[in-house]
Amino acid sequence: MNSSTRETTPASDIDRTLKVPLQLWRRLILDLRARGQGRRESGAFILGDRKGRIDRARAYVPYDALDPHAFESGIIRFSSSGYSKLWKICRESKRRVVADVHTHPTDWVDQSDSDQAHPMIPEAGHLAIILPRFAQTRWWTLDGVGLHEYHGSRRWSRRSAPARAKLVLL
Numbered sequence: 126m127n128s129s130t131r132e133t134t135p136a137s138d139i140d141r142t143l144k145v146p147l148q149l150w151r152r153l154i155l156d157l158r159a160r161g162q163g164r165r166e167s168g169a170f171i172l173g174d175r176k177g178r179i180d181r182a183r184a185y186v187p188y189d190a191l192d193p194h195a196f197e198s199g200i201i202r203f204s205s206s207g208y209s210k211l212w213k214i215c216r217e218s219k220r221r222v223v224a225d226v227h228t229h230p231t232d233w234v235d236q237s238d239s240d241q242a243h244p245m246i247p248e249a250g251h252l253a254i255i256l257p258r259f260a261q262t263r264w265w266t267l268d269g270v271g272l273h274e275y276h277g278s279r280r281w282s283r284r285s286a287p288a289r290a291k292l293v294l295l
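Residue numbers (our numbering): 126 to 295.
Derived by calculation from the structure, the hints in this document are not laboratory data. Since the structure is predicted, the reported quantities are computational estimates derived from the model, not experimental observations. Possibly wrong hints are sitting among the right ones.
Claimed, not checked - Derived pair list, reagent style SDA-like, types lysine to any residue, alpha-carbon separation capped at 20 angstroms:
| id | residue 1 | residue 2 |
| --- | --- | --- |
| 1 | 176 | 294 |
| 2 | 219 | 230 |
| 3 | 144 | 175 |
| 4 | 144 | 237 |
| 5 | 219 | 208 |
| 6 | 144 | 258 |
| 7 | 219 | 198 |
| 8 | 176 | 140 |
| 9 | 176 | 221 |
| 10 | 144 | 285 |
| 11 | 219 | 246 |
| 12 | 210 | 248 |
| 13 | 144 | 219 |
| 14 | 213 | 190 |
| 15 | 176 | 208 |
| 16 | 210 | 184 |
| 17 | 176 | 209 |
| 18 | 144 | 187 |
| 19 | 219 | 183 |
| 20 | 210 | 196 |
| 21 | 176 | 285 |
| 22 | 144 | 209 |
| 23 | 219 | 172 |
| 24 | 219 | 164 |
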């Protein structure tokens, strides 16, 4: 584990819960699996709305739908033009980014140095979800999935199973 990541089991510093409808989660996993074709990373922004301390996922937008070159270097490099398209979608749909998700090639679901240094949304409380084996994972559970919360200043917490069960609900 990188020195700027610490594993924690208590509740989130932000004290929010992300609710993702199971069918949306299933579509997302199957889409990322197809986009990566078992040989490259893929990812998406999860869009939703916030009511009190609950973020409700409503849709997702794949990285490469916003930035067709996002995966060309072998790691995710997302352009400013992709963010411009993302913010436009958020404005028009009256949604916000509630999390991001991307895949790794093996069972390892910790964050790479690049993941830690370049959060997709550099806002305290942002959730980054990592799927193993290019999304060749069970879509009805979060078992084996990495869940990381951003605290700002390149500091992250990896959420362990007890905390993960409270932080993200399928």
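Okay, which hints does this one fail, numbers in order?
When the structure is compared with the hints, numbers 2, 4, 6, 7, 15, 17, 21, 22 and 24 turn out to be violated.
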